[in-house]
Amino acid sequence: MGANKQPYRNVAVPMQGTSTGNAKELVGYFWKHFGETDWVAVSNGGGYCRWQGLNDSVVKWGKEGEYIKSQKGSALRNVKYFGDTQMLFSDTGTAGLNVRVLLDNQIFIASGPGIRVVEGNEYAHLAFLNSRIAAYYVRMMSPKLTIAGGYIGQIPVNDNIYSSVVLEKEARLCVELKRKMLSTRPNNIEYESTYIQNISGNLLNDACLRRKCYTY
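In the working numbering, the protein residues as written are 629 to 844.
Possibly wrong hints are sitting among the right ones.
Stated by the list, open to error - Mimicking DSSO-like on lysine-lysine, the simulated pairs with C-alpha atoms at most 27 Å apart in a straight line are:
hint	residue 1	residue 2
1	K797	K808
2	K652	K688
3	K797	K633
4	K772	K652
5	K652	K691
What the hints assert, rightly or not - Per label pair, the in silico range of CB-to-CB distance:
hint	residue 1	residue 2	range
6	D712	Y657	21 to 29 Å
7	E692	K652	19 to 27 Å
8	N788	K660	29 to 37 Å
9	D787	K700	41 to 49 Å
10	Y764	E692	37 to 45 Å
11	D732	A776	35 to 43 Å
12	L704	L731	16 to 24 Å
13	K797	Y657	30 to 38 Å
14	K691	L805	34 to 42 Å
Treat the hints as calculated values from the structure; they're not laboratory data.
Since we're looking at a predicted model, the values are computed, not measured.
For every residue, glycine included, the Cβ atom is placed at its ideal position computed from N, Cα and C.
Whole structure, please, built from the sequences with the hints as guidance.
Below, the structure written as structure tokens:
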């Protein structure tokens, strides 16, 4: 990686997420809580997912996390950094390190810890963390399936990587392609019914054109 390599924690901060103390009651699917203002979008971690995704959940937050504060064993963590956090990862890594973007107005909890970029471009960071190199280092350091932020912080990196325009461009493309795929699935916050309508409309137009061709 060159002579100027440094630990990843020098250029970004992997952070623990909030522990709700009662996920069964305080975390749910977004489609079950339409119009309920106490519930906010949350990254709930889950399985292996890179670039974007696993955005099907909401958490009962209320005013300044009031519902979580009332739970025994709960812990609000890194709340002041919610607005400055760009990425998150799944804390279980059976298939390796997997990092994705944090959506606007979305918060993160314990099962989907956050990463706050301090230096460089967030998309270049995203591309690097989703690379085989980063996954290799984490596998070397972590004897368990759990991926802790401390392991990510020890990955060596240099400025040619986390500020790379090429990596930024490629990561943006990956995120956009993933978003388009998710927009076709109703169980994702990214779902867009207009996308399906456009596809249906195009199919109908194609059918009409073919019919005209056959007619003439």
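These are the hints, each one checked on the structure:
1. K797 <-> K808: Cα-Cα ~17 Å, so holds.
2. K652 <-> K688: Holds, because 11 Å separates the two Cα atoms, which is no more than 27 Å.
3. K797 <-> K633: The given pair, whose Cα atoms are some 22 Å apart, holds under the 27 Å limit.
4. K772 <-> K652: holds, 26 Å
5. K652 <-> K691: holds, 20 Å
6. D712 <-> Y657: 21 to 29 Å: With Cβ atoms ~27 Å apart, the hint holds.
7. E692 <-> K652: 19 to 27 Å: With Cβ atoms ~22 Å apart, the hint holds.
8. N788 <-> K660: 29 to 37 Å: violated, 46 Å
9. D787 <-> K700: 41 to 49 Å: The hinted range 41 to 49 Å holds for D787 and K700, with Cβ atoms some 45 Å apart.
10. Y764 <-> E692: 37 to 45 Å: Given about 41 Å between the Cβ atoms, the range holds.
11. D732 <-> A776: 35 to 43 Å: violated, 27 Å
12. L704 <-> L731: 16 to 24 Å: holds, 20 Å
13. K797 <-> Y657: 30 to 38 Å: holds, 34 Å
14. K691 <-> L805: 34 to 42 Å: holds, 38 Å
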